[in-house]
Each structure stands twice: as C-alpha cells, then as structure tokens.
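Visitor: Residue-level listing of the chains:
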Amino acid sequence: MKLRFTFKNAQPVRSILSQLVGPFEAICRYVGQFAGEQRNQMRSLAQGMAIVFPLSLLLLTLSPTSPAQAQSESDVLTPRQVTEYALTLEKLEADFYRRAVVAAQNGGLSSVPQAAKDVIVSYGQDEAQHVTDLSAVLPSLGGDPNAITIPTNPNYSAILGRDPFANPTDFLMVGQFVEDLGVAAYKGQVQNLLAAGDAGKTVLAAALEIHSVEARHAAGVRFLRQALLGADVNPWISENAGSDEVIYNENRTGSPIPFSSDAFDGYATQSEVLALVGPILTEAPQAATPSPTPQPATPQPMPQPTPPAAAPSQSPRALW
Amino acid sequence: MKQPVTLSASRRSLMKWGLLGFGGLMASALPKVAAIAQTGDKTLTFEATDDGILNFALLLEELEAAFYAAAVESGNITDAKELEYVTVLGAQEAAHVTFLRGVLGDKALFSTADLSFNPDGLAAILADRSTILNTAVALEDVGVHAYNGAGPSLTNPTYLLAAGSIVSVEARHAGGVRALLGRPTTEPDSDRLIQDADLVAALNPFKGKAYDELYSPNQIVAIVGSLGILNNPINGSLVA
Chain L
1 MKLRFTFKNA QPVRSILSQL VGPFEAICRY VGQFAGEQRN QMRSLAQGMA IVFPLSLLLL
61 TLSPTSPAQA QSESDVLTPR QVTEYALTLE KLEADFYRRA VVAAQNGGLS SVPQAAKDVI
121 VSYGQDEAQH VTDLSAVLPS LGGDPNAITI PTNPNYSAIL GRDPFANPTD FLMVGQFVED
181 LGVAAYKGQV QNLLAAGDAG KTVLAAALEI HSVEARHAAG VRFLRQALLG ADVNPWISEN
241 AGSDEVIYNE NRTGSPIPFS SDAFDGYATQ SEVLALVGPI LTEAPQAATP SPTPQPATPQ
301 PMPQPTPPAA APSQSPRALW
Chain A
1001 MKQPVTLSAS RRSLMKWGLL GFGGLMASAL PKVAAIAQTG DKTLTFEATD DGILNFALLL
1061 EELEAAFYAA AVESGNITDA KELEYVTVLG AQEAAHVTFL RGVLGDKALF STADLSFNPD
1121 GLAAILADRS TILNTAVALE DVGVHAYNGA GPSLTNPTYL LAAGSIVSVE ARHAGGVRAL
1181 LGRPTTEPDS DRLIQDADLV AALNPFKGKA YDELYSPNQI VAIVGSLGIL NNPINGSLVA
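One line per chain: the protein sequences are L and A, in this order.
Sequential numbering from 1 applies to the first sequence in the working numbering.
Sequential numbering from 1001 applies to the second sequence in the working numbering.
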C-alpha cells in the first residue's frame, strides 16, 4: 500500500483505538441490519473498513510523536494542518467529479438525465474552485499546495468494492457517501480553528463557507437518488441513520448536541475521516479511467434516460 | 437512539401562530402610541455576546418554524412529496427552537408568544405553492448565511459546533427545496441578497457559487425586515 499523506500529525495508539473502535463497532452493527440488495454493498463497506486498522497502524509507525504527548493532542490541528487536510479531500472530490464527467459523456453514466449531468458538472466546478482557493491560501500559512497530492488513479473502487462510475445507482450512492463525509469532516474542524484564535479566523470563515455548500451538494445527490432511483432517502440525514446513508458515526453520543436527531448533523474527526479515505488514497490496481463496463448483477436502469451526450472526444475539462 | 420527530411541536407553533396572527391584527388596529405604551410588541435587544448570538439564531428558527407550520396549514401545498418536505422541515426547525431554548434557559430574551407577526405579510408569503416554496428557499439561504456569519464571533466551542450541526441541516433544506423547484441546489450569485461589494471583507475570504458567504447580523436583520412579517423592533450591539 502506497501512502501519499503529507500530514504531520500521525495518531497515537490509544486515541486511534478509542476513536475508531466505537464507529467501527457501530458500522458493523449496522451492517447486520441490512437485507437484500444493500447487503452486498454493506459487505463491501465492511471489507473496506477492515483496511482501516492496518492503515491506522501504518500511520502509527510514521508518528514521530510520543503517545503520552500526543494523546491529549489527538485530532488537534493547526490552521495550516486543517487547510492541508481540507485540500486533500477537495482534490479527491474534484478528481471524483472529473471522472464522473467523463463517464457521463460516454461511459457508465451516459444514461443519466441531463439534469443529473448538470449537477455533476456544477458540483465538480465547486470542488475545483475549493482546490484553487485553498491552494492560494496555504502558502500564507507556511504550507505548499503542490505537496498535497493524491494518487494518479485513486482507488475509488475501495468504497463499494466496485467501480463507482459504472452505473448511476452506484455513482450516486458513492456521491452521497463522499459529500456527507465532507460535511462531517469540515464540521469536525471548526473547533480546532476557533482554538487557534486570530490565526485561525480566516480559515474558519473559509471552512464555514465551504461546509454548507458541501451540505447542499449532499442534499442534491440525495434528492437525485430519491427522484431518479426511488431510493428511500431524503436531502436530510434520517433518524437512526445507518451506514446505508452515511459511512461515519452520525449518531455520536455524549455531547450536549443531540446528534441523534435528524435536525442535527454529526461530525467526524480527522482520524476517523482518514481511516475511511485511506483506502481510496492508494493507487488503483489499473487505470481507473471510466469506460463502458458490463452492468453489475442487479442493474437499475434510469427512468426516462436521455441519449448520451455526443462528442466523446471532448475533454472533460471543456465542460468546466 | 434517535428520537422520532413528532409533529406536535409544529402544531404547537401553529396554534401560537394563529393566536399571534389574531393578536397582531388587534394590535394593528390600535393607535400606534397606545400600542407601544400598552400592548406594544416586545423590543428584541441582541448583544454582541454568545448569548446574544444564540438568541438571534433562536429568532430565525422561530420564524422558520412558524412559517413552515403556517405553510402546512395553508392547504396550498398539495403534492405529497412537497407536503412531506415542508412538514419535516418545520419539525426540524422546531427541534432547533427547542434545543436553543434549552441551551439558553433563562437567558432566552423572548418567549415564542412575545413574537408578533404581521398578518398581511404572512398572507403574502403563503399565497400559493410557488410563493411558499420560493420563500422557503429564501429563508433557508438566509439562515445559512446568518449561521455562517455568526460562527467566527462565537467564543464557546460547543456553541460553534452546535451552530455547525444546525447550519448544514439548513443547507440541506435549502438544497432540497431548491431541487423540488428545479432550481440549482447551490446558490447562484444572482440569487444572493447581499452582493459582493456589500459583503464584509474580513468575513469572506472567498465568494461565488462554490461558497455560502458570511452575512453580518445587521445584514440579516435588514433582510428579515424586508419580508415584512415580524412586528417586533430589533436593536442591540450585535445588529448595530
């Protein structure tokens, strides 16, 4: 496994375990609740989660910090570290939508209605803008945006255990996972930025500006799943949200904030997010450029498909 | 374990809404001076403190909760999916009201009954399905900008996390209702009520459709005032 993280603060043993075991157990519990079609998906997710612990241990071995010192500083990030972390996630999201644009032109997503294609292009523009602007801010914090890299071909298949660009059902499912996780990831950093005082004010404002746009994206993808696929999902995260809706611990307890209510969105710490994203941040076994592929065992045709957009030779960037 | 959202909160808001609407009508028939002196609407004074910010958020949540309850009651939303959205959104706003009142305790500046609504202003935004849903978009978009704008001024980290927990739900509301209407789920610059030149520069490192800009509390007060639905005067250092 090839790690491309550039984060300076790897996590200590005890805090990693204490933060991961809870969510991991919760996800395993949820996995057991699913039936029918969801089960394969959940099994894949569980397999993905199994990668979490080796990855965590790998991070540990890279840690220069003593456990005793770092335990109390677990998931405490400086504004620069928050920005580097956010830039990593944004580069991944932008890359994810770039591949979706290709697949919408002449690949597995070419059957989606034009409205959904418009959404893919628009959200991709937003993520690319976040990359541009966070990259511009990072040097003022002492960081180097070019040092924040993702693999040439991120292993997106790690999420469901199969190519997410092969059909609309899988793509929108993964899109929901990614966007909801993005919302939780930004939310998980606001207290770190507040704690940094004046030094964190600009990044805090930037994080807030982005955070709610990611939530709009999540709502939009969820709406498409509801409207186009008849999925039992809403723009908001439902009560008792299990891992068929979100892949992080949405129903966090022990806080004065009632995260278990559908009126309150949960958050995710950096170590929780990196544990989930780590398997994607590895080089895919082969080039993952989306191309028409055989449908999975249970294809779900889109209602009222529109003809594929022409111009297969067009570069995806031309749409942006 | 998640508690199921019940509609009782919405119904309570609705009853208060009806009563307030009637009371507002009565008050508006009185001479203005007398109304101020005897039955005048309570002035809402928001100070530039964490408690002031939470009270300000409470006001916005009360407005949203009352709006959705009245929208359901209006009978103008008939599509099953749209009715479900409006009903659930109202229940979630009511949950935000309950939460904020719980956090504020006796530091809450006003009760729900202290709020006075203008019946004509209400009738205007409840006129028909399109007006209701587009008003919902406007209220939710403004709510997002308001929470974002207040965030950096909060000093209590738990309050900031709570505001974050709420604002992303408001953004989901905005995105969801926008999608119902076939409008873009993110906010185009042309929809923004505060243009680039009027944004507080220090609060807005980035601008454009990829961002939900931070509005200052006095900008929010001006927008709420333009809706013409709230009679209570608003002042204080937070909104100065």
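For the record, the hints were derived by calculation from the structure and aren't laboratory data.
A portion of the hints provided could be inaccurate.
From the structure, some residues in chain L lie toward chain A, with a derived Cβ separation under 10 Å [as the list claims (entries may be wrong)]:
| hint | residue |
| --- | --- |
| 1 | Leu229 |
| 2 | Ala231 |
| 3 | Gly254 |
| 4 | Ser255 |
| 5 | Asp262 |
Derived pair list, reagent style DSSO-like, types lysine-lysine, alpha-carbon separation capped at 27 Å [said to hold, decoys possible]:
| hint | chain 1 | residue 1 | chain 2 | residue 2 |
| --- | --- | --- | --- | --- |
| 6 | L | Lys117 | A | Lys1042 |
| 7 | L | Lys117 | A | Lys1107 |
| 8 | L | Lys201 | A | Lys1042 |
| 9 | A | Lys1207 | A | Lys1107 |
Sample of chain A residues with no beta-carbon within 12 Å of chain L, all distances over it, derived [stated by the list, open to error]:
| hint | residue |
| --- | --- |
| 10 | Asp1051 |
| 11 | Ser1074 |
| 12 | Thr1131 |
| 13 | Thr1155 |
| 14 | Thr1185 |
From a predicted model like this one, the values you see are computed outputs, not experimental measurements.
Backbone N, C-alpha and C fix where the C-beta goes; we use that ideal spot for every residue, glycine too.
Visitor: Against which earlier hints does the structure fall short, listed by number upward?
Guide: 1, 2, 3, 6, 7, 8, 9, 13 and 14
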